[in-house]
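S.K.: One-letter residues, chain by chain:
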Amino acid sequence: MDPPLLELKGITKRFPGVVANDHVDLALRAGEVHALLGENGAGKTTLMSILYGLQRPDEGEIRIDGRPVRIHSPREALRLGLALVPQHPLLVERHTVAENLILGQPGSFFLTRRMRQESLPVDLDARVEDLSAGQKQQVEIARALLRGARALILDEPTSVLAPPEVEQLFAQLAGIKARGVAIVFISHKLDEVLALSDRITVLRGGKKVGERARAEATREDLIRLMVGRDLLPPTAVSPPQQGVRFEVEGLEVDADSGRRAVRGASFTLAPGEVLGIAGVAGSGQRELAEALAGLRSFRGRVLLDGAPISGCSPAELFARGLAHVPEDRATGAVPALNIAEALALRTYRTTLRRGSRLDLSRMTAEAARLIQEFRIAAPGPETPVRLLSGGNVQRTILARELSGPLRSADPRRDDGSGRTVSADDRSGSLRALIAVHPTYGVDVGATEQIHRLLVERAAQGVSVVLVTENIDELYALSHRVAVLFEGTLRGPWPVAEVGVERLGRLMTGRDAA
Amino acid sequence: MTLRPLAPLAVYGAAVAVAFALVGGVLAAFGANPLECYGAMLHATFTDPQGRSEVLRRTIPLLLIGGGLTVAFRAGFLNIGAEGQLLLGAVGAAAVALFLPATPANLPAMFLAGATAGALWAFPAAWLRSRLRVHEILTTLMLTPVAEYLVVYLINGPWRGEHVRGFSYTDSFPERLQLPVLEGTLVHWPTLALGAALAAALQLLLTYTPAGYELRVVGSSPPVARYAGIAIHRVVFLAGILSGGAAGLAGAGEVAGIHHRLLEPAQVSLGYGYTAIIVAWLARGRPIAVLLTAPLLGAILAGGDTLKTGFNMPFRIIDVFSGTLLLCLITAEALWPRRERRGP
Chain A
27 MDPPLLELKG ITKRFPGVVA NDHVDLALRA GEVHALLGEN GAGKTTLMSI
77 LYGLQRPDEG EIRIDGRPVR IHSPREALRL GLALVPQHPL LVERHTVAEN
127 LILGQPGSFF LTRRMRQESL PVDLDARVED LSAGQKQQVE IARALLRGAR
177 ALILDEPTSV LAPPEVEQLF AQLAGIKARG VAIVFISHKL DEVLALSDRI
227 TVLRGGKKVG ERARAEATRE DLIRLMVGRD LLPPTAVSPP QQGVRFEVEG
277 LEVDADSGRR AVRGASFTLA PGEVLGIAGV AGSGQRELAE ALAGLRSFRG
327 RVLLDGAPIS GCSPAELFAR GLAHVPEDRA TGAVPALNIA EALALRTYRT
377 TLRRGSRLDL SRMTAEAARL IQEFRIAAPG PETPVRLLSG GNVQRTILAR
427 ELSGPLRSAD PRRDDGSGRT VSADDRSGSL RALIAVHPTY GVDVGATEQI
477 HRLLVERAAQ GVSVVLVTEN IDELYALSHR VAVLFEGTLR GPWPVAEVGV
527 ERLGRLMTGR DAA
Chain B
1254 MTLRPLAPLA VYGAAVAVAF ALVGGVLAAF GANPLECYGA MLHATFTDPQ
1304 GRSEVLRRTI PLLLIGGGLT VAFRAGFLNI GAEGQLLLGA VGAAAVALFL
1354 PATPANLPAM FLAGATAGAL WAFPAAWLRS RLRVHEILTT LMLTPVAEYL
1404 VVYLINGPWR GEHVRGFSYT DSFPERLQLP VLEGTLVHWP TLALGAALAA
1454 ALQLLLTYTP AGYELRVVGS SPPVARYAGI AIHRVVFLAG ILSGGAAGLA
1504 GAGEVAGIHH RLLEPAQVSL GYGYTAIIVA WLARGRPIAV LLTAPLLGAI
1554 LAGGDTLKTG FNMPFRIIDV FSGTLLLCLI TAEALWPRRE RRGP
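Residue numbers (the numbering used here), protein chains in the order written: chain A, 27 to 539; chain B, 1254 to 1597.
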């Protein structure tokens, strides 16, 4: 048998405090789609940046066609026939597609003819800035092929795509594969991996924990490899309590542009109730959530425990027990600060203050406790947020928000059973939560944990407004659901009364009721 | 791996060496022997006691302005008009010295007036930035020539001294309103102590207080600050005002400690307001670090003086010097992949 097109042997890469890749092997054959599966922070991206010459391995060997090579730079990688299609396209926005493709290319006269061969479904004369995310990705792929790539590395290619674009991408990749080009497909989405790959390598904590041919791989098996254990069955959602925690009437909110983004929303929320709000992106979710969290002025009436929230700052609302998990993780935690400081964002003026000073020792102790309780994977409280994976940044934000305004005076020791230890003494201080896309871009293990936390807090009487585009999540967690369509809130209805099909029609405005 | 703690120092050291080599080329073009020049500079700044005091004298305003600018930069307020704020500080102090009775209490009042005037000069820029998002780089810079001409107007017009014959400056301040200096030097030590204390106080503020925490959040991520309900405009405004006030203190110190009168802008300040930008930049967001970076730039200023007097070079050779040094350090920073994290 011929040597593989590309072979990685014992690749090891250490960063201060972390082993990002620990003796990882990988073999890629021509015409094969090889998925690299793993949770956020498993080491997939590091491995690929080594392959693409962006990082040097500390140990290990890379072979191409059986010959050992050293890849010092992306240019070198391209020369060897390896091309990376980045997660976020790196194109000159103001230039046309053709101009972008020519960049750095010898012999560009034949571009048009070659493009026809590649059957690029994008107008060569279009300006890149006018293209959709999916089309930009097509241009990136075409550019890689034009440069004679024998192996394409796709880093989370579907994260920026809408569902129909994903299908289109998969069809295109099938065509590329048929011509003998090898594809490395990096993902943490199981369904996509199962749909596309021939072989699957699973990474966990920097180590290769398994390799499967597609035919012998099962969902459960892959999850077990990825997460390191079986997923727990979903927690049963407790029924809400009596009473009214949150009351919203005739809410109208403007977007930054001045356009009316929310045109009248009314609902009430009982203690412990989860209201799921669905809608296609840009239907007013952001504005609705920001208004409820005190970040945006609004017209109408919003009462928390019977008292109006208008004119209150987010800090004042948090003190009244209203927490907020923002849409964008970058809004929830400062990358330059460390975990302890990120966790202090809500309490630096209250419980973490001693006289006119910050209580730094308490801040560190508190952080150490929350890191354990919420299983934030980090060396310690001093670790800068920017070194954390997306899932761990989200855990950090949740740890802070779910802890509520009043924290116990003496940080309790963890007794090993984890998160339920100190939840009771603080659940009383957290009263409502606005959670926007709480599991967006987060891996299976973190998603499971976040869902559990939300269900637990609801069972303790916290009311949750859950804004999500993930329909499974919506149905799994909500007592009632409502739909935002072009700024109008329809519903809410008890979750059992709205089937997925009707929900889809409501989201696209095709349902009159 | 084991070299890591020393590696940044090595990179910075190499950058400084490159800067010296480049400036050496310029010196050679003047027909001077670069090694001889550097030798003279070293003697004039470190080995010679008089030289050390010259370094200290220049360190004083750099300490004060640099400390304030470090905090302003950390908050994301890029005040590059400290030169003008310093001049206004000098005007404020001169107003007290010239028009109020010469009581001992009015010596601190000169500093108070200087700080207030400097802060007021930063006020329009800080207000416009925090309320209307007008960029402070333009406003602070543009206000500097205005400050210069205000000083020129005062010393030629209403404040011109009665006993100065053809010169353009005010009368001398009363002796009781002149700062004490270290024997035989121009080191007005009370201002020096003030500068060191300010650097320490600002560091404590930044690290240990809720207000300092807010400032760090605002400076590194305004969206997070907004999300947490921090009043961003207030933090930015106060940081801007504070840097103006610190520059004002420096101006007050210069006239109360050295000149004892208000005089031509170019004589009040040897470009301290601009040099302090480098001081603050090198401090990397840590106010306490200006205790090191201010003397470093002070030495370069003093050394430049030697080149001027000893080798007949234009005084502006020091601008070439500090500019080249900054350029090399910034380049080293960019080339150094693992950037040092800003400390608390």
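Everything labelled a hint here was simulated from the structure, so no lab data went into it.
Computed from a predicted structure; not experimentally measured.
Some clues are possibly wrong.
[To be verified] Quick list of simulated restraints, FRET-style, between CB atoms: (1) B:P1398 / A:R346: 49 to 57 Å; (2) A:R120 / B:G1266: 52 to 60 Å; (3) A:R120 / B:D1301: 44 to 52 Å; (4) B:A1274 / A:S387: 24 to 32 Å; (5) B:G1266 / A:A159: 26 to 34 Å; (6) B:A1464 / A:E246: 40 to 48 Å; (7) B:L1288 / A:R96: 51 to 59 Å.
[To be verified] If you want the footprint, here are the derived chain B segments under chain A, 3+ residues with CB under 8 Å: (8) 1473 to 1483; (9) 1525 to 1533.
[As the list claims (entries may be wrong)] Which chain B residues stay away from chain A? Per the calculated CB distances, all over 10 Å, these: (10) R1429; (11) G1437; (12) P1463; (13) G1563.
C-beta atoms are modelled at their ideal positions from N, C-alpha and C, and glycine is treated no differently.
S.K.: Compare the structure with each hint and give your call.
M.R.: Comparing the hints with the structure gives:
{"no.": "1", "hint": "B:P1398 / A:R346: 49 to 57 Å", "verdict": "holds (51 Å)"}
{"no.": "2", "hint": "A:R120 / B:G1266: 52 to 60 Å", "verdict": "violated (42 Å)"}
{"no.": "3", "hint": "A:R120 / B:D1301: 44 to 52 Å", "verdict": "violated (59 Å)"}
{"no.": "4", "hint": "B:A1274 / A:S387: 24 to 32 Å", "verdict": "violated (48 Å)"}
{"no.": "5", "hint": "B:G1266 / A:A159: 26 to 34 Å", "verdict": "violated (46 Å)"}
{"no.": "6", "hint": "B:A1464 / A:E246: 40 to 48 Å", "verdict": "violated (53 Å)"}
{"no.": "7", "hint": "B:L1288 / A:R96: 51 to 59 Å", "verdict": "violated (42 Å)"}
{"no.": "8", "hint": "1473 to 1483", "verdict": "holds (count 9)"}
{"no.": "9", "hint": "1525 to 1533", "verdict": "violated (count 0)"}
{"no.": "10", "hint": "R1429", "verdict": "holds (36 Å)"}
{"no.": "11", "hint": "G1437", "verdict": "holds (42 Å)"}
{"no.": "12", "hint": "P1463", "verdict": "violated (5 Å)"}
{"no.": "13", "hint": "G1563", "verdict": "holds (45 Å)"}
Checked against the numbered hints above, the structure breaks hints 2, 3, 4, 5, 6, 7, 9 and 12 and satisfies the rest.
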